[in-house]
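Sequences and hints are given; from them, build the entire structure.
Taken in sequence, the protein lines are chains A and B.
Taking my numbering, the leading residue of the first sequence gets 24, the next gets one more, and so forth.
Taking my numbering, the leading residue of the second sequence gets 81, the next gets one more, and so forth.
I should point out that these hints are in silico values taken from the structure, not numbers from a laboratory.
As the structure is a prediction and not an experimental result, all values here were calculated from the model.
Ideal Cβ positions, reconstructed from N, Cα and C, are used throughout, including at glycine.
Mixed in with the good hints there might be a few duds.
Which chain B residues stay away from chain A? Per the calculated CB distances, all over 12 angstroms, these [to be verified]: (1) Phe101; (2) His306; (3) Lys307; (4) Phe437.
Ranges between beta-carbon positions, derived for each pair [to be verified]: (5) A:Pro117 x B:Pro316: 45 to 55 angstroms; (6) B:Pro354 x A:Arg149: 31 to 41 angstroms; (7) B:Glu351 x A:Pro122: 14 to 24 angstroms; (8) A:Arg188 x B:Phe374: 50 to 60 angstroms; (9) B:His306 x A:Ala184: 43 to 53 angstroms; (10) B:Pro316 x A:Gly193: 25 to 35 angstroms; (11) B:Ala328 x A:Ser120: 23 to 33 angstroms; (12) B:Ile353 x A:Val106: 18 to 28 angstroms; (13) A:Gly146 x B:Ala328: 28 to 38 angstroms; (14) A:Tyr109 x B:Phe374: 34 to 44 angstroms.
Over 12 angstroms on every C-beta distance to chain B, these chain A residues come out as not near it, computed from the model [said to hold, decoys possible]: (15) Gly31; (16) Asp54; (17) Gly56; (18) Thr64; (19) Trp103; (20) Tyr109; (21) Pro151; (22) His154; (23) Ser189; (24) Val197.
Listed here are the chains, written in short residue letters.
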Amino acid sequence: MHAPTKPGPFGIIAEYESPETLIAAANTALDQGYTRMDAFTPFPVHGLPEAIGFREAKVPWIIFVMGVMGGFGGLALQWWVSVHAYPLNVGGRPLFSWPSFVPPAFETTILFAAFGAVFGMIGLNRLPQPHHPVFDAPNFDRASQDRFFLLIEAKDPRYAADETRSTLEGTGAVQVTVLGQEEESDW
Amino acid sequence: MQRDNVAFSKFSAIGGFAALFGLIALGVGFATNRTATMQAYLFGWVFWTILVLGCLGLTILHHTIRGSWGLSVLRMLEAGGGVVALGVSAILMVPILLFMPDVFPWMAGENMHDHIVHAKSWYLNQPFFIGRQVLYFLIWILMASVLRRSSLKQDETLDPALGVRRQSVGAVGLVVFFVTMTFAVTDWIMSLELAWYSSILPMLTAVGSGLTALSLCVIVLLANRHKEPFASIVTPQLTKDLGNMLFALTMLWQYMTLSQFLITWSGNLQEEIPYYLKRNDAGWTILITSNILFQFFVPFTALLAPRTKRVARNLLIVAVLIFVMRFGDMYWTIMPSMRGGRLLDSLGHWQDYVAWFALGGVWLAVLGSQIAQAAVLPKHDTRLLEVEHAH
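Below, the structure written as structure tokens:
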């Protein structure tokens, strides 16, 4: 008979003034064993995915599987149309004339692979999302202007509210904020 | 740690050896079976000259786009497709020009009264043919010499204006390269068939030449990746770039190969389809099937995966596969035109292999001697070394 618990904190976010301090901070956190990190920057920062330990490569596999499906699907569609649904004799060629089916099958491969890339990316990012806890971070709109943010999620097995906070404070952050807590509890 | 240097001087020794013994053996073959030996010689000559032209084409491409990956193989390309390599190719063509009736059907006596041969004779006749070859080689040698001299001069002066000038020369050079390739491939390969024609064959061969040249350069580069100077530049980033370039050429090659087949197949014309009927029969089917599998599907799938391109040893294996399959593709393209009959009968000619090794030996010797004329990594553009120091 527990009272419904309030959702715990989402994580801790730190704000930096330059990509170099962000990368250095991410490396520090990585060295300390943090694994659930994310970063927000106004432009792609070279070396950042490695610094936050980003290893996931699911999208290429989705693209590959979708491409293969598109290729065979395109071929199957042409086989069904030309052999079953609407057989035509074209200059005495066999109904299943695979050489002429290759270019459309190629096109459906590209089409499905592109769908896989776009929708796979959107799906894995769980978009669209009207609200996200990082939006509560002060100054977060400057992530698309001139500030660099590093987030350590509370899901991280290494996460410990006070220790994580002091770690991030020691990396040259302009300010460090705990996300997803009611304001009066923390401030 | 002190690393060994790449022993390019050994290339000359090994190549010279292969060339010497190979050419002596070819002399014996010539005395006993002149036609088969000349056919083998033409095949070997076309294979290695296409490689030389691939080196030249990639040199021009590098100077035009200035990708940093090209710097790793630029000096090999310049040596393998340079003035001396082209000059040697031109000299090695003389035996073909002396015995043209043995290889070119439009020169053979029994075809002289064929109406197609007659109609084409204003273009396909010996004096005009020889004149064209002289013109091609003069143009290629001129382009190779201008680019090489400028690239070497910039190594000394480090004047960036020279690089900008090569960029302009390269842009024009690419157009000239493809136009001359079109005529040359028409002469060397397409004219081996009396009636067949394909306007994409020269482009297909030009892409194939880039594939041959790049795969061989990648083999030399990666086989020597523990030796200097290559040890300081071979990074996952470089192998990724080289792998992507091989990937692009592989796809382009397959695209054009399929286009040529598809157009011939759809047209279904009497003059055109015998080209494929001959090549899809009597064992030749095995060759083209293994080509589609091992020059397209296997390298394509392998090069899709980042781990193939990131790990030098994996990319080396793919490059070896592509280079070996280039032999199969050229053999399938050229040989059935000269020799009808079964694949196994054709492969039974020992001269084919000896000519290939002998002429390959000549090229290797030229590469070894020419690469010693300059720094193995260009000094005028040190982007590759900067990447290395940054890590």
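A quick look at each hint next to the structure:
1. Phe101: holds (45 angstroms)
2. His306: Correct as stated: the minimum Cβ-Cβ distance to chain A is 25 angstroms, above 12 angstroms.
3. Lys307: With a cut-off of 12 angstroms, Lys307 of chain B remains clear of chain A, as the shortest Cβ separation is near 29 angstroms.
4. Phe437: holds (36 angstroms)
5. A:Pro117 x B:Pro316: 45 to 55 angstroms: With Cβ atoms ~48 angstroms apart, the hint holds.
6. B:Pro354 x A:Arg149: 31 to 41 angstroms: violated (59 angstroms)
7. B:Glu351 x A:Pro122: 14 to 24 angstroms: holds (19 angstroms)
8. A:Arg188 x B:Phe374: 50 to 60 angstroms: The hinted range 50 to 60 angstroms holds for Arg188 of chain A and Phe374 of chain B, with Cβ atoms some 58 angstroms apart.
9. B:His306 x A:Ala184: 43 to 53 angstroms: 50 angstroms Cβ-Cβ, so the 43 to 53 angstroms window holds.
10. B:Pro316 x A:Gly193: 25 to 35 angstroms: Between Pro316 of chain B and Gly193 of chain A, where Cβ atoms are some 32 angstroms apart, the hint holds.
11. B:Ala328 x A:Ser120: 23 to 33 angstroms: holds (29 angstroms)
12. B:Ile353 x A:Val106: 18 to 28 angstroms: Holds: the Cβ-Cβ distance is about 24 angstroms, inside 18 to 28 angstroms.
13. A:Gly146 x B:Ala328: 28 to 38 angstroms: holds (29 angstroms)
14. A:Tyr109 x B:Phe374: 34 to 44 angstroms: holds (37 angstroms)
15. Gly31: Consistent with the label, Gly31 of chain A stays out of reach of chain B, its closest Cβ about 37 angstroms off (over 12 angstroms).
16. Asp54: holds (18 angstroms)
17. Gly56: Check passes; 24 angstroms lies beyond 12 angstroms.
18. Thr64: holds (20 angstroms)
19. Trp103: Nearest chain B Cβ is 21 angstroms from Trp103 of chain A, so the label holds.
20. Tyr109: With a cut-off of 12 angstroms, Tyr109 of chain A remains clear of chain B, as the shortest Cβ separation is near 19 angstroms.
21. Pro151: The claim holds: Pro151 of chain A sits with its nearest Cβ about 29 angstroms from chain B, beyond 12 angstroms.
22. His154: holds (35 angstroms)
23. Ser189: holds (31 angstroms)
24. Val197: holds (27 angstroms)
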